[in-house]
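Take the sequences, apply the hints, and build the full model.
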Amino acid sequence: MSNMITVKNMCLWYGEHQALKNINVSIPEKSITAFIGPSGCGKSTFLKSLNRMNDLIQGVRITGDILYNGKNIFDSSVDVNELRREVGMVFQKPNPFPMSIYDNIAYGPRTHGIKNKAKLDDIVECSLRDAAIWEEVKDRLKKNALGLSGGQQQRLCIARALAVKPAVLLMDEPTSALDPISTSKIEELSMKLKENYTIIMVTHNMQQAVRISDQTAFFLLGELIEYGNTETLFSTPKDKRTEDYITGRFG
Amino acid sequence: MKDEKNFFEKLVHSIFLILGLVTVGCVLLITIYLIISGIPAIKKIGLVPFLFGKTWESTAEHASYGILPFILTSIYGTAGAIVIGVPIGFLTSVYLSKTAPKRIRGIVEAVVSLLAGIPSVVFGLVGMLVLVPGIRKIFHVADGASLLAAIVVLAIMILPSIIKVSVTALDAVPEEYENASLALGATPIETYFRVSVPAAKSGIATAVVLGIGRAIGEAMAVMMVSGNVANMPGLFQSVRFLTTAVASEMSYSSGLQRQALFSIALVLFLFIMLINAALKFFLKGKKE
Numbered sequence: 121m122s123n124m125i126t127v128k129n130m131c132l133w134y135g136e137h138q139a140l141k142n143i144n145v146s147i148p149e150k151s152i153t154a155f156i157g158p159s160g161c162g163k164s165t166f167l168k169s170l171n172r173m174n175d176l177i178q179g180v181r182i183t184g185d186i187l188y189n190g191k192n193i194f195d196s197s198v199d200v201n202e203l204r205r206e207v208g209m210v211f212q213k214p215n216p217f218p219m220s221i222y223d224n225i226a227y228g229p230r231t232h233g234i235k236n237k238a239k240l241d242d243i244v245e246c247s248l249r250d251a252a253i254w255e256e257v258k259d260r261l262k263k264n265a266l267g268l269s270g271g272q273q274q275r276l277c278i279a280r281a282l283a284v285k286p287a288v289l290l291m292d293e294p295t296s297a298l299d300p301i302s303t304s305k306i307e308e309l310s311m312k313l314k315e316n317y318t319i320i321m322v323t324h325n326m327q328q329a330v331r332i333s334d335q336t337a338f339f340l341l342g343e344l345i346e347y348g349n350t351e352t353l354f355s356t357p358k359d360k361r362t363e364d365y366i367t368g369r370f371g
Numbered sequence: 002m003k004d005e006k007n008f009f010e011k012l013v014h015s016i017f018l019i020l021g022l023v024t025v026g027c028v029l030l031i032t033i034y035l036i037i038s039g040i041p042a043i044k045k046i047g048l049v050p051f052l053f054g055k056t057w058e059s060t061a062e063h064a065s066y067g068i069l070p071f072i073l074t075s076i077y078g079t080a081g082a083i084v085i086g087v088p089i090g091f092l093t094s095v096y097l098s099k100t101a102p103k104r105i106r107g108i109v110e111a112v113v114s115l116l117a118g119i120p121s122v123v124f125g126l127v128g129m130l131v132l133v134p135g136i137r138k139i140f141h142v143a144d145g146a147s148l149l150a151a152i153v154v155l156a157i158m159i160l161p162s163i164i165k166v167s168v169t170a171l172d173a174v175p176e177e178y179e180n181a182s183l184a185l186g187a188t189p190i191e192t193y194f195r196v197s198v199p200a201a202k203s204g205i206a207t208a209v210v211l212g213i214g215r216a217i218g219e220a221m222a223v224m225m226v227s228g229n230v231a232n233m234p235g236l237f238q239s240v241r242f243l244t245t246a247v248a249s250e251m252s253y254s255s256g257l258q259r260q261a262l263f264s265i266a267l268v269l270f271l272f273i274m275l276i277n278a279a280l281k282f283f284l285k286g287k288k289e
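Order-wise, the sequence lines are chains R and S. Using the working numbering, the first residue of the first sequence is number 121, and each one after it goes up by one. Using the working numbering, the first residue of the second sequence is number 2, and each one after it goes up by one.
Derived by calculation from the structure, the hints in this document are not laboratory data. Here the structure is a predicted model, which is why all the values come from computation and not from measurement. Among the clues, some could well be false.
[As the list claims (entries may be wrong)] Not the full set, but computed from the structure, chain R residues with beta-carbon under 7 Å of chain S:
1. Asn201
2. Arg204
3. Arg205
4. Met209
5. Asn215
6. Phe217
7. Pro218
8. Gly228
9. Thr231
10. Val284
For each residue, glycine too, the CB sits at the ideal point set by N, CA and C.
Laid out in structure tokens, this is it:
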């Protein structure tokens, strides 16, 4: 299995405050990688660096390299919009656009120049099927997406991200705002999606990391403390701090 | 003791109620007065000849009281101001809300507030001295005092309300929508026009309606630049608006002429009511 994303000596500052310290990590393709750690440890910040969403925040400065498919994403020849198409993102709070379900899914493809109605119809159906929500919404594609339940909205957001055919899906605590049933649906979906996509998920829920991820990275105070096979990390952590965290002694 | 307190509470409540009713009373008074004083002339002249008559010769021997020129001038003038003012105001607000650096935004917003505070007579004065001669030279017409001059002045006058209300609406668009769009690979500009603006559309519609209200009710500035002659409207014609028709003849009018002026005010009032109803409609849409 080859590495999709390789990060070398990456540091990130918010103004004067250093939020990430010398991160080195390689993320293999077609697998689920979980980022765990207490609030404010930098895991979400790191996730948002991978598709350069941090560019939008004023005062953020990054050093080091993030290689996506072997190419540095900060290179001046990289088209950041193309990068974000390939490295999709699902947010913590479901954030469908205030428009119809169909238009939500078609938004991305339309942005990238697809106008053909039949082709769009096809993409919408495929994406909704892949996100396991087609059966629930197929009869109301023209209805406003804000009328869906929270769990459905989140799967819609996943479908919307899939519609632009990304290679990587970044998920920022995608289930933290959802009920247990919706959560398990998203988890099942993630397990299925990893056959075709590289998934990187920030989670507060350690059971979730154990249940679905292949690799886990533990962050603490801006440092990557330990990274490795999920089973190994949770059963025989090498670092004392990892052990303290996963056994619930802090965090 | 308890009774005393109760009495005091009730007293204060009734004082507040009375103060609140002052506004309502004023509106009622104006409405009733306008209807009572506006109806007789319409009865005498006839509704159709009054609203659709093309000539207004109130001081002629055989007086003719047709206000179609005023109605059309007010509608064309307002529409023209909207056509010029809305794109400028709307794009300015997108710039201010989404892309302008903080410092520039602060400066522009301060200037917009200042523009809102300039008295309309000053707009009229500058229009008279700069715009009217300018139009005469550029378009080679005999007199620059025209509908076009009034449209330009009105377009500038409505900018502040359009910009302020649109900026507020665009600022209120949740950041999550914009982030979702950017994360799909849309550029910032695509994001503003395909996500932010549609999400703020009811606020922007409100801004446009406010602009219409401001434009149709303006009298002083347009009187000074429009030539104030009761012609059927044409871009380079001297024209008279509903507002200026009332203002310019009131001081020397008498008899049926005076009554007809009240009727014009009534028509203007109905236009304003219509615009307010539209505003209510858009604001209601916003809440839902």
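Comparing the hints with the structure gives:
no. : hint   : result
1   : Asn201 : 5 Å, holds
2   : Arg204 : 4 Å, holds
3   : Arg205 : 3 Å, holds
4   : Met209 : 4 Å, holds
5   : Asn215 : 4 Å, holds
6   : Phe217 : 6 Å, holds
7   : Pro218 : 6 Å, holds
8   : Gly228 : 4 Å, holds
9   : Thr231 : 4 Å, holds
10  : Val284 : 6 Å, holds
Checked against the numbered hints given earlier, the structure satisfies every one of them.
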